[in-house]
Amino acid sequence: QQQVRQSPQSLTVWEGGTTVLTCSYEDSTFNYFPWYQQFPGEGPALLISILSVSDKKEDGRFTTFFNKREKKLSLHIIDSQPGDSATYFCAASASSGSWQLIFGSGTQLTVMP
Amino acid sequence: GPKVLQIPSHQIIDMGQMVTLNCDPVSNHLYFYWYKQILGQQMEFLVNFYNGKVMEKSKLFKDQFSVERPDGSYFTLKIQPTALEDSAVYFCASSWEGDNTEVFFGKGTRLTVV
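So the protein sequences, as listed, match chains H and W. Going left to right, the first sequence walks through residues 22 to 134 as this note's numbering numbers them. Going left to right, the second sequence walks through residues 19 to 132 as this note's numbering numbers them.
No wet-lab data here; the hints were simulated from the structure. Keep in mind that this is a model prediction, so the values were computed, not measured. Virtual Cβ for every residue (Gly too), placed ideally from N, Cα, C. One should not assume that every hint holds.
As the list claims (entries may be wrong) - Chain W stretches covered by chain H per the calculated footprint, using a threshold of three residues with CB under 8 angstroms from any CB of chain H:
id : segment
1  : 31 to 39
2  : 59 to 69
3  : 103 to 117
Claimed, not checked - Take a look, some chain W residues computed to stay more than 10 angstroms from chain H by CB distance:
id : residue
4  : PRO26
5  : GLN98
6  : VAL121
7  : LYS125
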């Protein structure tokens, strides 16, 4: 079944803290997992992505982890900043002739100064 | 970075009327998409379009929906006739490739059907 579950729905962290967002999925054909960041009034923008052949990808303060056996992925933001306050979506797709992204329900992150 | 432009940003239309949402994808991209997001819910795939053809569509892409991209012009989503449940934000997106590649999204068109 094509579904991506995301938690938590909302999260508040203090500036300088670590943010952890998680997603799980069921379709074992999914092999590409992007994370999108969306600010109010804007479209989603790609933050970081990972392929199922990897278990970790890092880009600055952002790291995504992938656990194929458990069908889970997570996004870690270290040294969280007020400017990171946004809605974060995980997504998944399968390179089997289907190019659609299946999105999670999103996490609204607030970083307090 | 590359921009996907959507026109208009807001549209209010009477139920039963036709509406056309316009999208100017990133210039060298080949794959085009529409997604629908109802307020407070996740973004859902509607359709993708490549080489002048619909390649894939979801069950949300009703018979009243159509897409096209005449040469050199906008990639459009047309809804005819509109229904109340069509009220949502519609995001256009484009990408250079189909698989495992960055998809660029526009800011969305907020459609309100009254």
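Reported absence of PRO26 (chain W) from the contact zone with chain H (all CB gaps over 10 angstroms): Holds, because the least Cβ-Cβ distance between PRO26 (chain W) and chain H comes to about 14 angstroms, which exceeds 10 angstroms.
Minimum Cβ-Cβ distance from VAL121 (chain W) to chain H exceeds 10 angstroms: About 6 angstroms separates VAL121 (chain W) from the closest Cβ of chain H, which leaves it inside 10 angstroms; violated.
Outcome, coverage hint (the segment 59 to 69 of chain W, chain H; C-beta under 8 angstroms; three residues): Satisfied; 6 residues make the cut.
Claimed clearance of chain H by GLN98 (chain W), with the beta carbon kept past 10 angstroms: About 23 angstroms separates GLN98 (chain W) from the closest Cβ of chain H, which puts it past 10 angstroms; holds.
8 angstroms C-beta test of the segment 31 to 39 of chain W against chain H, three or more residues: Violated, because only 0 residues of the segment 31 to 39 of chain W bring their Cβ atoms closer than 8 angstroms to Cβ atoms of chain H.
Coverage claim, chain H over the segment 103 to 117 of chain W, checked by counting residues with Cβ within 8 angstroms (three needed): As far as the segment 103 to 117 of chain W goes, the hint holds, because 5 residues have Cβ atoms under 8 angstroms from chain H.
Given as non-interface: LYS125 (chain W), which should sit over 10 angstroms from chain H by C-beta: The claim breaks: LYS125 (chain W) does not keep its Cβ more than 10 angstroms from every Cβ of chain H (closest is about 5 angstroms).
Hint compliance for this structure: hints 1, 6 and 7 are broken, all remaining hints hold.
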